[in-house]
Each structure stands twice: as C-alpha cells, then as structure tokens.
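Here the protein sequences line up with chains A and B, keeping their order. Per our numbering, the first sequence starts with residue 1, numbered consecutively. Per our numbering, the second sequence starts with residue 372, numbered consecutively.
None of these hints come from the bench; they were simulated from the model. Yeah, the Cβ is synthetic: ideal placement off N, Cα and C, and Gly gets one too. Honestly, I wouldn't trust all of these hints.
[Said to hold, decoys possible] Here are some chain A residues pointing at chain B (derived, C-beta under 8 angstroms):
(1) Phe63
(2) Phe148
(3) Trp152
(4) Asn153
(5) Leu161
(6) Met162
(7) Thr339
(8) Leu343
(9) Phe344
(10) Ile347
(11) Gly348
(12) Phe351
(13) Ile353
[As the list claims (entries may be wrong)] Below, a list of computed lysine-lysine pairs in the DSS-like style, where the Cα atoms sit at most 27 angstroms apart:
(14) B:Lys680 <-> B:Lys550
(15) A:Lys229 <-> A:Lys301
(16) A:Lys182 <-> B:Lys658
(17) A:Lys182 <-> B:Lys662
(18) A:Lys250 <-> A:Lys226
(19) A:Lys226 <-> A:Lys23
(20) A:Lys91 <-> A:Lys226
(21) B:Lys680 <-> A:Lys250
(22) A:Lys301 <-> A:Lys226
Take a look at the letters that make up each chain.
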Amino acid sequence: MNNEKVRVPLVHISRRAALPWYKAWGIRAAAIVLALVVCGVVTTLLTGEDPIALYLSMIEGAFGTSRRVWVLMQNVAILLCISLAVTPAFKMRFWNIGGEGQVLVGCLATAACMITLDEVLPNWLLIITMLLASLLAGGLWGLIPAFFKARWNTNETLFTLMMNYVAIQLVAFFIIIWESPKGSGNVGIINQQTQAGWLPQVGPNRYMLNILIVALLTVAMYVYLKYSKHGYEIAVVGESERTARYVGIKVERVIMRTVVISGALCGLAGFLLVAGTDHTITTTLSDNRGFTAVMVSWLAKFSPVFMVLTSLLIVFLDRGAGEIATDFGLNQAFGDIITGIILFFIIGCEFFITYRLHFRGHRAKGAAENV
Amino acid sequence: MFDLVSFIPRAVAQGVPLMLGSTGETLTQKSGNLNLGLPGVMYVGAICGVIGSFMYETSGADMNALLAVGIPVLCCLAGSLLMGLLYCFLTVTLRANQNVTGLAMTTFGVGFGNFFGGSLIKLTDSEVPSIALSATSSYFKATLPFADDLGWFGELFLSYGALTYIAIIIALVCSHFLKRTRPGLNLRAVGEDPATADAAGIDVTRYKYKATCVGCMIAGLGGLYYVMDYASGVWSNDAFGDRGWLAIALVIFTMWRPAVSIFASILFGGLYILYLYVPTGMNLAAKELYKMLPYLVTIAVLIIVSLRKSRENEPPRHLGLAYFREER
Numbered sequence: 001m002n003n004e005k006v007r008v009p010l011v012h013i014s015r016r017a018a019l020p021w022y023k024a025w026g027i028r029a030a031a032i033v034l035a036l037v038v039c040g041v042v043t044t045l046l047t048g049e050d051p052i053a054l055y056l057s058m059i060e061g062a063f064g065t066s067r068r069v070w071v072l073m074q075n076v077a078i079l080l081c082i083s084l085a086v087t088p089a090f091k092m093r094f095w096n097i098g099g100e101g102q103v104l105v106g107c108l109a110t111a112a113c114m115i116t117l118d119e120v121l122p123n124w125l126l127i128i129t130m131l132l133a134s135l136l137a138g139g140l141w142g143l144i145p146a147f148f149k150a151r152w153n154t155n156e157t158l159f160t161l162m163m164n165y166v167a168i169q170l171v172a173f174f175i176i177i178w179e180s181p182k183g184s185g186n187v188g189i190i191n192q193q194t195q196a197g198w199l200p201q202v203g204p205n206r207y208m209l210n211i212l213i214v215a216l217l218t219v220a221m222y223v224y225l226k227y228s229k230h231g232y233e234i235a236v237v238g239e240s241e242r243t244a245r246y247v248g249i250k251v252e253r254v255i256m257r258t259v260v261i262s263g264a265l266c267g268l269a270g271f272l273l274v275a276g277t278d279h280t281i282t283t284t285l286s287d288n289r290g291f292t293a294v295m296v297s298w299l300a301k302f303s304p305v306f307m308v309l310t311s312l313l314i315v316f317l318d319r320g321a322g323e324i325a326t327d328f329g330l331n332q333a334f335g336d337i338i339t340g341i342i343l344f345f346i347i348g349c350e351f352f353i354t355y356r357l358h359f360r361g362h363r364a365k366g367a368a369e370n371v
Numbered sequence: 372m373f374d375l376v377s378f379i380p381r382a383v384a385q386g387v388p389l390m391l392g393s394t395g396e397t398l399t400q401k402s403g404n405l406n407l408g409l410p411g412v413m414y415v416g417a418i419c420g421v422i423g424s425f426m427y428e429t430s431g432a433d434m435n436a437l438l439a440v441g442i443p444v445l446c447c448l449a450g451s452l453l454m455g456l457l458y459c460f461l462t463v464t465l466r467a468n469q470n471v472t473g474l475a476m477t478t479f480g481v482g483f484g485n486f487f488g489g490s491l492i493k494l495t496d497s498e499v500p501s502i503a504l505s506a507t508s509s510y511f512k513a514t515l516p517f518a519d520d521l522g523w524f525g526e527l528f529l530s531y532g533a534l535t536y537i538a539i540i541i542a543l544v545c546s547h548f549l550k551r552t553r554p555g556l557n558l559r560a561v562g563e564d565p566a567t568a569d570a571a572g573i574d575v576t577r578y579k580y581k582a583t584c585v586g587c588m589i590a591g592l593g594g595l596y597y598v599m600d601y602a603s604g605v606w607s608n609d610a611f612g613d614r615g616w617l618a619i620a621l622v623i624f625t626m627w628r629p630a631v632s633i634f635a636s637i638l639f640g641g642l643y644i645l646y647l648y649v650p651t652g653m654n655l656a657a658k659e660l661y662k663m664l665p666y667l668v669t670i671a672v673l674i675i676v677s678l679r680k681s682r683e684n685e686p687p688r689h690l691g692l693a694y695f696r697e698e699r
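Only chain A is shown next, with the shape it has when bound in the complex:
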C-alpha cells in the first residue's frame, strides 16, 4: 500500500446531511452581501459615483416618500400573489412558467366583464362576476397544459411557455376590438365616469385592499401547503410519483387540480391588477412578473412566509435601480442587470448549503467564502 502514489483530487464534494437553518440562512445572507458588493462595483464603474451614496439613493427611491412606499407595497403584493400562485405547482415539480399568460387571461376576463356587463349588473354583482371570471379564465389556462401533462406526459415547461404568447395575442386581439378612441391602439381607463367594477377603496390608500387580500392569501397558502390533505398529496407527488401511486394517490387528478388552483390564483392577480389598480388592459400589464415569480418562489424554497421577503427584495432592487437609472439618465433596464447579478449569487450559494467541499490535505467545513 503506497498512499503517495494515489492521486487525490483537489476538491472532493459530498452531500451534507442537513444544515441548521441559521447556518443555511447565514450562507444566503453572505451571498446577498457579496452580490450587493459586486453590484456596487458594477454601478460605480458605469456611473462613476460613490457606491454607498448609490445604495442610499436606491433606498430613497424605494422608501423615500409615503407614496413610494405604497407603490412598493402594491408591487410586492402583486408579485407575491403570482409567486404564491405558482408555488403549489412547483412543489409538485410541475414547471409552470406560464404565470404570465395566466395573469393576462385573468386581466382579460376581468376587463371583458367590466366593458360588457357594466350596465347590466349592479356593482357588487359585477365585481363578483369579474372575480369568478378571472379565476375561471386563469384556471382554464392552467388546466390545458395540466391535462396533457397528466394524460400523456407532455412537456409542461414548454407548453405553458407557449400559452403565454397565445394569451398575449388574445389580449392584443381584444384591445383592438375594444380600443377607445378608435385607432389609438389602447383601451384607456375602463368606466372612468361610472367607476363600475372598480374595487372600492379600503383604508387610507387605494392599494390597501390589494395588499390585504394578498396577505390573507399568503396565510391561506401556508396553511394549505402545510396542514391540508391536498398539500400533503402535492408534496408526495413532487417527491416521487411512484410512491404517490403506490399509496393510492390519483396522480393525474392531483396534477390537474393543483395546476388549476395555480392558474386560478394567477387569474386573481390579473383581477387585482385590472379592477384594483390599473383599470385598463395592455399586453404588458403583467410586466414579466410571471417569470420573476418563478425565481421568487424558488428563492424562498417554496415557503409562503419567506416569499414575502424574497418578493420584497426583488421589488426593492427593481425600484431602487430604477431610481439610480433616472438620476443618471441611464436606461431603466439597469434594474434587471442588478436583479440578475443578485439572483446568480443566490442560485450559486445553494450549492454550499446542499454540498460540502473537502480540500486536499485538510478538511474545510463551511465554504461560503467561495461563493
């Protein structure tokens, strides 16, 4: 036995048993701090300003005035709503990246009711009809790919992706039909005089109702995933379809039911957008939140509580970077670059939570510095 001759690799990787939660979140926090440093360097290179001053200006841009705080909260609420919506599907390993389309058909259904039924129904009934229509439309948009996934195992990632564009074109079609004034290419504020179908203002600000609804939804989703039978079935199907079949769970039914719920909640987000705040419909109303929600949900490890934090982080970055871009006359897409860099770091740091590195010669434990 001659040990010197055996070639030992420089790094050996093994899976960790389990990391205490405070260590795992410590690694994530370290990754975010590192990412913020990198973002600071990038921003300084582009603008030539002191990075600390830039971060202060980001905070100013996001929290500066009470109006900004309300807008921030409203954006967090909508993003959180869509993130919550896609989460049950993800827990089941159903990659629903069609949130964008499901939100848009929800918007479309809401707007359709507002435009066609505003003189037929009393206001309270109109709002209920709008709500049901948006849930139904979003659910249907989810059901179509889910049905094919459950029956014939059709690839859901690409199917839901394509459904986004079908939805966008459908909205574009109806915008031209409803456009007012004719030829302007947009719908304008719907029912501006009568305010029929507009959600009533609750509390001090018109965004309050949306925020309350989403807060309730967060709690409901937490309970649904953690304590209900449905939530348990979702978790089993996600971990192992075969186990699920073995214990007698009807996998097809669980898949379809979960994705319909997922789509319907996306539709609800569309309802909140159209009836609650924007009162109009455009093809970009969802603003890529359907894709961002995938990352928000994943970053929070599918936990509704942490999703509040991750969606706050993403919206803060977006609005803060927007403020910097305005200050320096740069393009608004600056926010996407900052968001992208931070996401890369958080995605990368998961490795150091799941795996452990053993270096040649000595045994290194935490390797968070290497992110």
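Starting from the known structure of chain A, arrange chain B on it as the hints suggest.
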C-alpha cells in the same frame, strides 16, 4: 394574389435568428442542459456585437471590411461564450436548478441588452442621436454581385447576407456531428444517461461545458444576425422580442434535429410574418390572431410528439437534471 417571391426571402430573413438559436439550443439540450436563458444569450450576443462595431465605427478610423465584420463577430462570440460559461458554472459545477438559472439569465441578458442599447450613447459620450450602424450592416448584408441579375432564382436563393449561408452550414455541421461522429455519440450519451456515460469513461462535465458554450455562441450569432442584417444595424430596445423563446420551441418542433431546423425555422419565420400577407382588409384585430400561429403550431407538435411516444423523437432522457456522480 399571394406573392411567393417576396414572401420567401422575408420568411428566410425572419428564420435565420431562429435557425441559429435552435441549432445552438439543440446542441445544448443534447448534453442534458435545458437552457431557458437562450433569449438572454441572444440579446447579449447581439448587444456585444453592437458595442464592438459601435466603438469601431465611432473611432473614426477608415472602415476595413475584414475588421468591420470581424470585430462584431468576435465580440458577439465572446459575450455569448461568457453567458454559456456562467450557465455551466451554475448548473454543472454548482448543480443549480436549470429552469431557475435559465430564467435568471434571461432577465439578466435582456436587461443587459436593453441597458447598453439605451445607454451606450450616454456612456461613451458620443454625439450620434441613435445607434444606427449602417456601415457595418452593409458589410453583413453584402450579397454576390450577380445575384440581382438572376431574376426570381437570385431573389429566392442568392439575395441573403453571408450569415444566412453560415447559419445553414452550422446547422448541417451540427447535424453531422451529432449523428455521425464519435464525440457526437458521446455527447448524446451524456444527455441520455450521464451515469452510464461516466462509467464508460466519458468526461461528463467537460462535454456539458463544451456543448453548452458552443451552443450559446451559435445562438449569440443569431442575435447578431438580427441586428446587423435584418434590422440593418439599428438597435431598438425589445425589438428582438420573443424570438429566443420561439427558438426553444423550434428545438422541440424539429425533435432535436439541426438539419430539420433549416426548413422548420423558415416555416416559423413565414408563420411569424404571415399576418402581413393574409388579406384581412381593415380588420386589424384578425392580424393579431394570425400572430398566434407559431405558438399554436408548437403546442400542437408538443402534443403530437407526446402522443406518439416513439423512441427516436423523445427528448434526451436526462434533460433538465443535474448530474452528481455520488448520487445514484
């Protein structure tokens, strides 16, 4: 009457970015990496080419044909290579989730493209009103001198810039590589079953890195073609649109065959602009419905492929999953 002679060249011009994108993505997917960052990669490829040639055009030097084409191409390849390396580092070395990584790369890449597209003039303190690289574009669009004299034949087959023919050659080479060569066989093995490939002595990590990086570089060229040839060197934010996603759809449509993608991408290009040719009169709304066609066709193909379950048309078995030797 439907004007085929003017329709087909426009369909081809629409198809080339899709062709390059889907060829690159096919190569990537054959290694088991489902790169949803493709739209971002194509944006980065395009904007890197634009930055390169913008610097060159505004530097005031005399334009040299070789440099005018070479600089943007090299910048584009370098930019998309970096994106490919980033994707591989996160998903192969750090074993991150491929869908999330891909979406983050798309956010980043599209943001990167729009940011530099919108701020390049301010950042370089130059005095031009907009990014219009017509001089560089003229080199990319140069056709054979006698193409115009050949009537409809010249119009249909010879009226394109060099990148179009290069795209077709790349697709054919990739097809040959995957089907007929030993490394191609190894690559397919990595995508189907990395554990078996590993046991057979194939370096899984190296194959994944190489396939994904080369795939990203090819896709980046698609972005460059769009700006330099199709858009005549004019950059406008978000103009590239959803072509990156369509390229991913094409991969499925062609069932992972780069040679088929030559025709399929032209077909998709045709579907993409069909609404301009369909006589709908003043009914603008109907045109929006025609724009759905490429996506509906892709959905139909997805469904048909999953119904038929033939073994040859299946996606690579290990697509979308990370490989870790010690997890069996």
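Here is what the structure says about each hint:
no.: 1; hint: Phe63; verdict: violated, 23 angstroms
no.: 2; hint: Phe148; verdict: holds, 6 angstroms
no.: 3; hint: Trp152; verdict: holds, 4 angstroms
no.: 4; hint: Asn153; verdict: holds, 6 angstroms
no.: 5; hint: Leu161; verdict: holds, 6 angstroms
no.: 6; hint: Met162; verdict: holds, 4 angstroms
no.: 7; hint: Thr339; verdict: holds, 6 angstroms
no.: 8; hint: Leu343; verdict: holds, 4 angstroms
no.: 9; hint: Phe344; verdict: holds, 6 angstroms
no.: 10; hint: Ile347; verdict: holds, 5 angstroms
no.: 11; hint: Gly348; verdict: holds, 5 angstroms
no.: 12; hint: Phe351; verdict: holds, 4 angstroms
no.: 13; hint: Ile353; verdict: violated, 11 angstroms
no.: 14; hint: B:Lys680 <-> B:Lys550; verdict: holds, 21 angstroms
no.: 15; hint: A:Lys229 <-> A:Lys301; verdict: holds, 20 angstroms
no.: 16; hint: A:Lys182 <-> B:Lys658; verdict: holds, 17 angstroms
no.: 17; hint: A:Lys182 <-> B:Lys662; verdict: holds, 21 angstroms
no.: 18; hint: A:Lys250 <-> A:Lys226; verdict: holds, 20 angstroms
no.: 19; hint: A:Lys226 <-> A:Lys23; verdict: holds, 23 angstroms
no.: 20; hint: A:Lys91 <-> A:Lys226; verdict: holds, 11 angstroms
no.: 21; hint: B:Lys680 <-> A:Lys250; verdict: holds, 22 angstroms
no.: 22; hint: A:Lys301 <-> A:Lys226; verdict: holds, 13 angstroms
When the structure is compared with the earlier hints, violations turn up for hints 1, 13 and for no others.
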